[in-house]
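Undergrad: In case you want the letters, here they are:
There are 2 protein chains.
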Amino acid sequence: MSKASSSATAEEKEEPIIKVYGWAARDSSGILSPFHFSRRINGDNDITIKIIYCGICHTDLALLKDESGITNYPIVPGHEIVGEVTKVGSSVKKFKIGDKAGVGCMVGSCGSCNNCKQDLENYCPKMIWTYIGYNHQDGLKTFGITIYSPMMHFGLNNPDQHLGVVGLGGLGHVAVKFAKALGMKVTVISSSPNKHKEALERLGADHFLVTSHEDQKQLLQAAMGTMDGILDTVSAPHPLLPLVNLLKTDGKLILLGAPSQPPELPHIPLMIGRKIVGGSAIGGMKETQEMMNFAAKHQITADVEVIPMDYVNTAMERLAKGDVKYRYLDVEAREVLMTRSLSCKTHRFVHCKIDVLHWDVTDVIYGM
Amino acid sequence: MSKASSSATAEEKEEPIIKVYGWAARDSSGILSPFHFSRRINGDNDITIKIIYCGICHTDLALLKDESGITNYPIVPGHEIVGEVTKVGSSVKKFKIGDKAGVGCMVGSCGSCNNCKQDLENYCPKMIWTYIGYNHQDGLKTFGITIYSPMMHFGLNNPDQHLGVVGLGGLGHVAVKFAKALGMKVTVISSSPNKHKEALERLGADHFLVTSHEDQKQLLQAAMGTMDGILDTVSAPHPLLPLVNLLKTDGKLILLGAPSQPPELPHIPLMIGRKIVGGSAIGGMKETQEMMNFAAKHQITADVEVIPMDYVNTAMERLAKGDVKYRYLDVEAREVLMTRSLSCKTHRFVHCKIDVLHWDVTDVIYGM
Numbered sequence: 001m002s003k004a005s006s007s008a009t010a011e012e013k014e015e016p017i018i019k020v021y022g023w024a025a026r027d028s029s030g031i032l033s034p035f036h037f038s039r040r041i042n043g044d045n046d047i048t049i050k051i052i053y054c055g056i057c058h059t060d061l062a063l064l065k066d067e068s069g070i071t072n073y074p075i076v077p078g079h080e081i082v083g084e085v086t087k088v089g090s091s092v093k094k095f096k097i098g099d100k101a102g103v104g105c106m107v108g109s110c111g112s113c114n115n116c117k118q119d120l121e122n123y124c125p126k127m128i129w130t131y132i133g134y135n136h137q138d139g140l141k142t143f144g145i146t147i148y149s150p151m152m153h154f155g156l157n158n159p160d161q162h163l164g165v166v167g168l169g170g171l172g173h174v175a176v177k178f179a180k181a182l183g184m185k186v187t188v189i190s191s192s193p194n195k196h197k198e199a200l201e202r203l204g205a206d207h208f209l210v211t212s213h214e215d216q217k218q219l220l221q222a223a224m225g226t227m228d229g230i231l232d233t234v235s236a237p238h239p240l241l242p243l244v245n246l247l248k249t250d251g252k253l254i255l256l257g258a259p260s261q262p263p264e265l266p267h268i269p270l271m272i273g274r275k276i277v278g279g280s281a282i283g284g285m286k287e288t289q290e291m292m293n294f295a296a297k298h299q300i301t302a303d304v305e306v307i308p309m310d311y312v313n314t315a316m317e318r319l320a321k322g323d324v325k326y327r328y329l330d331v332e333a334r335e336v337l338m339t340r341s342l343s344c345k346t347h348r349f350v351h352c353k354i355d356v357l358h359w360d361v362t363d364v365i366y367g368m
Numbered sequence: 001m002s003k004a005s006s007s008a009t010a011e012e013k014e015e016p017i018i019k020v021y022g023w024a025a026r027d028s029s030g031i032l033s034p035f036h037f038s039r040r041i042n043g044d045n046d047i048t049i050k051i052i053y054c055g056i057c058h059t060d061l062a063l064l065k066d067e068s069g070i071t072n073y074p075i076v077p078g079h080e081i082v083g084e085v086t087k088v089g090s091s092v093k094k095f096k097i098g099d100k101a102g103v104g105c106m107v108g109s110c111g112s113c114n115n116c117k118q119d120l121e122n123y124c125p126k127m128i129w130t131y132i133g134y135n136h137q138d139g140l141k142t143f144g145i146t147i148y149s150p151m152m153h154f155g156l157n158n159p160d161q162h163l164g165v166v167g168l169g170g171l172g173h174v175a176v177k178f179a180k181a182l183g184m185k186v187t188v189i190s191s192s193p194n195k196h197k198e199a200l201e202r203l204g205a206d207h208f209l210v211t212s213h214e215d216q217k218q219l220l221q222a223a224m225g226t227m228d229g230i231l232d233t234v235s236a237p238h239p240l241l242p243l244v245n246l247l248k249t250d251g252k253l254i255l256l257g258a259p260s261q262p263p264e265l266p267h268i269p270l271m272i273g274r275k276i277v278g279g280s281a282i283g284g285m286k287e288t289q290e291m292m293n294f295a296a297k298h299q300i301t302a303d304v305e306v307i308p309m310d311y312v313n314t315a316m317e318r319l320a321k322g323d324v325k326y327r328y329l330d331v332e333a334r335e336v337l338m339t340r341s342l343s344c345k346t347h348r349f350v351h352c353k354i355d356v357l358h359w360d361v362t363d364v365i366y367g368m
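From first to last, the protein sequence lines are chains Z and F. Taking the UniProt record's numbering, the leading residue of the first sequence gets 1, the next gets one more, and so forth. Taking the UniProt record's numbering, the leading residue of the second sequence gets 1, the next gets one more, and so forth.
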């Protein structure tokens with residue numbers, strides 16, 4: 001962010017700017033406070049959005065505290081942005097003032113490579129994350145589309161199938177909702193026995209397996225070879241072998257969390273069941289819109305705790321302790337986080353992203 | 001094998017037997033010498049084959065020397081068997097005396113599970129390997145079908161595709177031949193620079209990459225993101241990251257070798273390219289026949305060094321030192337190895353396997 005600020009000085013000579021502010025962390029304490037900087041004015045292909053809500057997830061916390069050693073301070077976090085359109089450039093056709101729009105963790109891509117041509121901007125080698133200096137490892141987690149895209153791509157979307165969902169956090173609880181909306185049989189796999197009731201009664205999962213308790217081994221054993229696929233949303237290090245063992249022949253374990261250390265690959269069990277371990281990261285713009293429409297159609301929303309902006313530092317503390325269910329949403333963030341997303345070098349792409357994420361149903365508030 | 005001999009005593013009371021012999025190792029020296037034992041006579045659903053050739057691969061060596069601590073001595077190795085039919089049971093329809101037939105490393109399955117019903121006997125939970133006490137880890141490697149099956153299953157069989165082949169041993173050199181027969185672009189990836197000429201000039205590969213030399217890094221770098229799939233045939237421990245990096249978005253790394261230790265999974269590169277790491281082990285009976293027909297049609301044979309049976313101990317020594325190209329074939333093994341394959345508890349299934357592996361083209365001698 002400091003680099004962006006200094007390079008912005010050069011850019012200022014070339015184009016008109018406006019003064020904006022966000023809430024930034026200045027050092028690895030991660031404490032957020034108001035921060036003033038500049039960005040360009042709304043261009044012909046741009047829209048400006050007034051940010052109403054922004055999700056908070058562990059990725060934000062990790063970057064604020066520089067857990068991966070890649071943060072440039074000051075940094076304004078946030079990548080699950082929901083807003084209302086306040087300005088529309090003359091070339092913009094899909095938005096009008098007052099529309100709702102969302103921005104996820106991707107704000108740009110080259111637009112011309114094979115991946116971009118196939119609506120896979122999220123795998124473009126020049127894809128640009130919403131955060132400056134935000135590297136791939138930490139930018140993989142975001143809501144809905146992170147779940148929806150691998151379900152569609154890997155064919156884990158059939159009512160006849162049995163899906164395992166590892167972890168019942170932000171991604172996991174949405175995975176259960178999507179899978180149940182698709183009519184699938186769903187088993188939640190968790191290390192916390194106290195999520196049992198939540199998984200079954202509130203989210204509608206069919207089964208619940210605890211991986212960490214000795215007395216659950218029999219259940220795990222009974223479930224071996226029963227799942228068509230597993231979505232693994234856990235970012236903490238954990239062994240993959242028990243999960244691979246739960247898969248049927250040709251079963252698919254899809255990694256969506258990003259533990260800091262590479263796990264051991266149970267290669268022999270993969271071979272003797274023709275199983276795969278795959279990875280997936282968010283989704284392309286077209287598919288993200290599809291996901292939004294799917295969520296709207298099935299009235300699927302993420303479960304959130306809504307907080308005011310000035311509670312954010314306490315929220316981060318609670319997040320670090322695991323004292324939050326699913327997602328926070330900052331309420332009335334308004335201009336604050338918008339300025340963040342538009343302040344990076346990739347602002348020329350923001351239009352594209354938002355353009356596609358036009359909301360079909362105004363009732364659905366959903367982080368991407 | 002000792003267990004089989006003792007249980008065979010009980011079985012002898014129930015059914016007629018014949019006396020046979022094989023070449024067995026008695027201890028972890030792995031030295032092979034003639035060995036006498038019993039098996040049942042040819043039944044209504046059985047055929048008896050006179051074994052003409054049997055391939056030797058590193059799996060045999062590992063079992064003879066009990067490298068995995070699972071060998072029951074005495075053990076008669078061999079799982080790439082080619083023979084001629086000498087007896088045909090009254091219910092057998094697909095074979096007549098004088099036909100050529102083959103036996104691979106699988107001799108039985110339950111015949112009724114979902115996998116068996118889908119012609120995936122090789123993934124049957126009750127699948128029976130040709131060796132008694134022969135565990136999965138060591139029984140995964142065998143010729144043609146081990147290559148053909150994953151190419152078909154994972155869709156790595158298209159003339160527009162670029163296939164990487166890691167390792168140029170028994171499996172690897174067949175992979176190059178199959179891929180070239182399918183019109184694919186093929187790059188051999190090896191740790192041995194001296195296989196360059198062999199790969200390109202004799203086997204017809206398009207490119208050759210050495211992983212172990214500093215001065216090859218530029219070539220590796222240039223090849224990043226260019227491959228649709230990679231067949232990894234190497235059994236020695238090696239990192240997967242350089243291979244995953246060679247894959248395009250949605251690329252597939254398929255593990256066919258079985259290193260003794262699980263490799264580290266480069267999970268983040270998988271996620272940011274929606275790539276997969278999969279495994280595969282031999283193939284079902286139907287597909288194995290397809291592979292045989294494909295090989296016959298394209299006149300693809302494995303490259304072998306043919307040796308007499310009494311050279312086998314020297315051959316094993318040379319194999320241990322890597323002093324052999326591709327595969328040995330014992331010539332005139334005749335009754336020797338046949339008795340091995342029929343002596344295990346699974347003999348009732350041998351018919352099924354052979355039944356399917358009826359050869360269409362007599363000129364093709366091919367280990368399975």
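No lab work stands behind these hints, which were simulated from the structure alone. Just so we're clear, the structure is a prediction, and the values are computed from it rather than from any experiment. Certain hints may be false.
Heads up, the list lumps identical chains together, so a pair's fine if it works in one copy or across two of them.
[Said to hold, decoys possible] Calculated pairs, DSBU-like style, for lysine-lysine (alpha carbon to alpha carbon, straight line, at most 35 Å):
1. Lys94 - Lys197
2. Lys117 - Lys286
3. Lys321 - Lys87
4. Lys185 - Lys126
5. Lys286 - Lys93
6. Lys126 - Lys217
Undergrad: Of all the hints given earlier, name the ones this structure violates by number, lowest first.
TA: Of the numbered hints, 1, 3 do not hold.
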